[in-house]
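I would like the entire structure built from these sequences, with the hints used as guidance.
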Amino acid sequence: MLLVTWNVNSITARLDFVLDFLATRRPDIVCLQELKVDDDAFPRLAFAQAGYACATHGQRQWNGVGVLVRKDAGPGPEIVQAGLLGQEAAGGRLLTVRALGLTVTSVYIPNGKSVRHPDFALKLAWLDSLATYTEGLAREGGSVVAGDFNLCPGDLDTWDPARHAGHIFHTEEERSRFQRLLAQGYHDVFREQVPGERVFSWWDYRAGSFHKKQGLRIDLVLATGDVARRATAASVDRDFRKKREGRVPSDHAPVLVELA
DNA sequence: ATGTCCACTAGGAGTGGA
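Each residue of the first sequence is one higher than the last, beginning at 3 in the working numbering.
Careful, some of the hints might be misleading.
[Stated by the list, open to error] Derived lysine-lysine pairs resembling DSS-like cross-links, with alpha carbons at most 27 Å apart:
hint, residue 1, residue 2
1, Lys115, Lys214
2, Lys244, Lys115
3, Lys73, Lys214
4, Lys245, Lys214
5, Lys73, Lys115
6, Lys214, Lys244
7, Lys245, Lys215
None of these hints come from the bench; they were simulated from the model.
None of these values were measured; they are calculated from a predicted model.
In C-alpha cells:
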C-alpha cells in the first residue's frame with residue numbers, strides 16, 4: 003500500500019500536477035493540504051474520473067485539507083472528524099477518515115510566522131490541541147497522522163541548522179510538542195526508513211532554493227507502531243517539485259511511504 | 001538577495017499569507 007502526503011498550495015492551481023502524480027504512482031491514499039477551496043469547489047469529479055474518492059475539509063482562500071483513496075483499493079474515505087476541536091478559528095486544518103483499514107488524519111499545522119509574532123502562540127496552542135486529540139487515536143492504533151507540520155523535528159531536517167537555530171520551525175517549543183506525539187506511540191516513519199540522511203520536502207519558491215538544495219523536512223508521516231512496523235520504504239518525489247511542461251509546482255514535494 | 005507563488009478584490013495592481 004502506497005500512502006502519500008502532499009501540500010499542493012491550491013488544488014485549483016495544481017490539479018494537473020496532482021492528476022499526473024496519481025497516474026504515475028497510483029498511490030492508495032493521499033493526504034492533501036492547502037487546498038484553498040471550499041468543499042463545493044473541490045474538483046471531486048476530476049478525481050473520480052481518475053479513479054479516486056475524496057473527503058475534504060475545505061476552506062475558501064486559505065488552508066483546507068483532504069484525503070484521496072484509490073477506488074480499486076477499497077471503500078472509503080469515511081469521515082470521522084472534520085476540524086480540530088476548539089481550534090476552529092484557525093481554519094480548516096484537520097480531517098480524519100477511515101479507509102483501507104486505517105484511520106488517516108490529514109493535518110496542516112499553523113505556520114506561526116516568527117517566534118515573536120502572535121501567531122506563534124496560536125501555533126503552539128494548536129499543537130497542544132492536536133496532542134489531546136491524537137491521544138485517543140494512538141490508543142486505538144491503526145492511526146496515520148500525515149501532513150504539513152510546519153516544523154523540523156531535528157537538525158537533520160533543515161539545510162542549515164546553525165543559521166535557523168531558535169527560529170521558527172526550529173524552536174524547542176515546537177520540537178517538544180512534536181516529541182509529545184512520539185511519546186504517545188507515533189513513529190516518524192520517513193525518518194525511521196531513511197535514517198541519517200538530509201532529505202527535504204519543502205523549498206522556498208524564492209532565491210532558487212530548490213536548486214541550491216536549501217530546504218526543510220516539514221511534511222511528515224506519523225503512524226502508530228502497528229502501522230509503522232508495516233513500512234518497507236519511504237521517499238520524497240523531487241520530480242514533482244520541478245516545473246512540468248511549463249507549469250509551476252507547489253513549493254512542497256510529495257512524501258511517499260510504502261506499507262506491506 | 002524584500003528574490004515567488006497563490007487567492008482575493010476588482011475590473012488593474014495591491015494586499016495578505018506562506
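Structure-based check of all given hints:
1. Lys115 to Lys214: Holds - the C-alpha atoms of Lys214 and Lys115 are around 23 Å apart, at most 27 Å.
2. Lys244 to Lys115: Given pair Lys244, Lys115 holds - Cα atoms ~26 Å apart, limit 27 Å.
3. Lys73 to Lys214: Given that 27 Å is the threshold and the Cα spacing comes to 39 Å, the pair is violated.
4. Lys245 to Lys214: holds (16 Å)
5. Lys73 to Lys115: violated (38 Å)
6. Lys214 to Lys244: holds (13 Å)
7. Lys245 to Lys215: This hinted pair holds, its Cα atoms lying about 16 Å apart.
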